Amino acid sequence: MPMDNVEPDAHQQASPQNTPDVFRTDEGAQDGLAKCARCGATEISLNVATGNLRCGFCRFEWATENAIEAFNLNGDISGLTGILVGSGSSDIVPSTEEILTFKCSACGAEVVIDTNNSTQARCHWCRNTLSMNQQVANGAVPDMILPFRVEKSTAVEKIASFVGKRKFFAHPKFRAEFNAENVMGVYLPYMVVDINAHARLTGEGEHQTRSYTVKVGDKEQQRYDADVYNVVREFDIQVNDLTVESSSDRLDQNTSQNSNNIINTIMPFDVENSVRYDSNYLAGFTSERRDSNLDQLSPIAHTQAGDITRHRVNDSLTFYDRGVRWTAEEVDVRGQRWVSAYLPVWLYSYQQRNSSGKSFLHYVAVNARTGETMGSIPLNQSKLLLVAGAVQLVGTVIGLVLVVVGF
Amino acid sequence: MVTDFVRMAESSQIIAASSSDDGFGGFGLVFLLSGFIFYAVIYVRYRNVDKRHNHESETESAMFNMQEANDFVASKSGLTNSKIDGANNDVVRGARRKFF
Ligand SMILES: [Zn+2]
Ligand SMILES: [Zn+2]
Numbered sequence: 001m002p003m004d005n006v007e008p009d010a011h012q013q014a015s016p017q018n019t020p021d022v023f024r025t026d027e028g029a030q031d032g033l034a035k036c037a038r039c040g041a042t043e044i045s046l047n048v049a050t051g052n053l054r055c056g057f058c059r060f061e062w063a064t065e066n067a068i069e070a071f072n073l074n075g076d077i078s079g080l081t082g083i084l085v086g087s088g089s090s091d092i093v094p095s096t097e098e099i100l101t102f103k104c105s106a107c108g109a110e111v112v113i114d115t116n117n118s119t120q121a122r123c124h125w126c127r128n129t130l131s132m133n134q135q136v137a138n139g140a141v142p143d144m145i146l147p148f149r150v151e152k153s154t155a156v157e158k159i160a161s162f163v164g165k166r167k168f169f170a171h172p173k174f175r176a177e178f179n180a181e182n183v184m185g186v187y188l189p190y191m192v193v194d195i196n197a198h199a200r201l202t203g204e205g206e207h208q209t210r211s212y213t214v215k216v217g218d219k220e221q222q223r224y225d226a227d228v229y230n231v232v233r234e235f236d237i238q239v240n241d242l243t244v245e246s247s248s249d250r251l252d253q254n255t256s257q258n259s260n261n262i263i264n265t266i267m268p269f270d271v272e273n274s275v276r277y278d279s280n281y282l283a284g285f286t287s288e289r290r291d292s293n294l295d296q297l298s299p300i301a302h303t304q305a306g307d308i309t310r311h312r313v314n315d316s317l318t319f320y321d322r323g324v325r326w327t328a329e330e331v332d333v334r335g336q337r338w339v340s341a342y343l344p345v346w347l348y349s350y351q352q353r354n355s356s357g358k359s360f361l362h363y364v365a366v367n368a369r370t371g372e373t374m375g376s377i378p379l380n381q382s383k384l385l386l387v388a389g390a391v392q393l394v395g396t397v398i399g400l401v402l403v404v405v406g407f
Numbered sequence: 408m409v410t411d412f413v414r415m416a417e418s419s420q421i422i423a424a425s426s427s428d429d430g431f432g433g434f435g436l437v438f439l440l441s442g443f444i445f446y447a448v449i450y451v452r453y454r455n456v457d458k459r460h461n462h463e464s465e466t467e468s469a470m471f472n473m474q475e476a477n478d479f480v481a482s483k484s485g486l487t488n489s490k491i492d493g494a495n496n497d498v499v500r501g502a503r504r505k506f507f
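From first to last, the protein sequence lines stand for chains W and B. Heads up: the first sequence is residues 1 to 407, going by this note's numbering. Heads up: the second sequence is residues 408 to 507, going by this note's numbering.
Be careful, since some hints might not be right.
[As the list claims (entries may be wrong)] Covered stretches of chain W, going by a simulated chain B footprint (3 or more residues, C-beta under 8 angstroms):
#1 122-136
#2 162-176
#3 232-245
#4 253-259
#5 264-272
[As the list claims (entries may be wrong)] Far from chain B, by Cβ distances over 12 angstroms, these chain W residues were calculated:
#6 Gly28
#7 Asp31
#8 Ala106
#9 Asn116
#10 Gly389
Since the hints were made in silico from the structure, they are not lab data. Only a predicted model underlies this, so the values are computations on that prediction, with no experimental measurement involved. Don't be surprised by glycine CBs; every beta carbon is placed ideally from N, CA and C.
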């Protein structure tokens, strides 16, 4: 697994004050048959249009409690100290089963739930749906879930339009096989982090005082005068809802190996609208299980918090129009709050196999909250090389003419 | 091989940018690299290998209790670069997207 080597407070992790404080997020959650309060059916799914859960039989609809309010996560970040972790974000115990068996309370049969792609399964015998809502130490049940809001039909349109603009140089096999209707709704695992930190940045900044041209030989050259300052910025910073992938596969975003950067790009999500976890939101969708713990994700989150800090402090550096060179950046994380979430993505995937037998998985992804769309389209290399060669030929001729004319 | 072109594209963009800085001096060069530039532009448009979530700017954050120090050190003149040497106030270290 790729890992960042920057760990701002590695030595702090061991100290006792930084042992995570866990708050329960599955209080009252039950496994088994989740029944409609009105008619008792277990045919429950998300109504994307309203964001509510709906009974497939009697059409009764109800809302789930907002997770941020339920877990009191909107509290002042400035008061945050130590490490606060939702129980659904706890460390994964390696021996914990990923395939879990439940007894159907309607007929007594055994029902298997593969937590790698859902936390629900249908009983083969009585057709009831069994849900798993209690957290076990395998990362399958998160603290909260953000329901799909973008309808499948909208996602299909967005994907078709994205691909439609990229048809000419697309691989012929892809063009022949592409069908936006094959898009899948997937809940992907993330960690959502609030950070309270104190930062001190020291360095040098330069402010331009004059810009002019000088003659060097027979050519004009640009020159600048500048004032140099020692710059210090010390402040408290609060980061809200920093969102990090929590699956080791998805964290690997090496663009020569995969197109996971596509899924990364469609962030951010409006995570503040997440609700308490209820497996019924998964009906009709699939999910991917979290497989990474705080130990692996903290360095990433802290490095990104450092980026956010550096970027934010630029607001106070407008005087230094020639830029600032920081020589020391101390970001002391004083408090952090972690919750795990399933976030909704419409995902079109296409496996490209080349002649050497290697394959590459291309994605076109739609953020199922904001509609933001990004994708990777397999290229017709020979066609592109041919056209690029033709462009080069014409360009060379024009370029040579320009050089001769002395442009 | 493909990634070589991306690298080339990046450098050709730099060439294009620098040529616009000093008038039409390197204008011919853009034409001389037009095939490579074309390849890279299409490659990036289809494969979007350059895209990532801009966590540094797209994440909500707020600063409080700011204490600033700005102490004049010296005046420099005749500098050839429009930016301070080693400017790093815009760097991003936590990007997951990598090219190799
Ligand atoms: Zn009902
Ligand atoms: Zn049953």
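Here's how the hints hold up against the structure:
For a cut-off of 8 angstroms, the count of residues in the segment 122-136 of chain W with a CB near a CB of chain B stands at 0, and the three-residue condition is violated. Counting residues of the segment 162-176 of chain W whose C-beta lies closer than 8 angstroms to any C-beta of chain B gives 3; at least three are required, and the coverage claim holds. Proximity of the segment 232-245 of chain W to chain B, defined as three or more residues with a beta carbon under 8 angstroms from a beta carbon of that chain, is established by the 13 residues found. For the segment 253-259 of chain W, the assignment as covered by chain B holds, since 5 residues bring a beta-carbon within under 8 angstroms of that chain's beta-carbons and 3 suffice.
As drawn, the segment 264-272 of chain W meets chain B at 5 residues by the rule of a beta-carbon pair under 8 angstroms; at three or more, the given contact holds. No Cβ of chain B approaches the Cβ of W:Gly28 within 12 angstroms, the least distance being about 31 angstroms, so the stated non-interface status holds. Annotated as non-interface, W:Asp31 keeps its C-beta farther than 12 angstroms from every C-beta of chain B; the closest such distance is 34 angstroms. The beta carbon of W:Ala106 is kept farther than 12 angstroms from every beta carbon of chain B, the shortest such distance being approximately 44 angstroms.
W:Asn116, annotated as away from the interface, keeps every beta carbon of chain B farther than 12 angstroms; the closest lies near 22 angstroms. Not every C-beta of chain B lies more than 12 angstroms from that of W:Gly389, the closest at about 6 angstroms, which undercuts listing it as non-interface.
Figure legend: structure checked against the earlier numbered hints; hints not met, in rising order: 1, 10.
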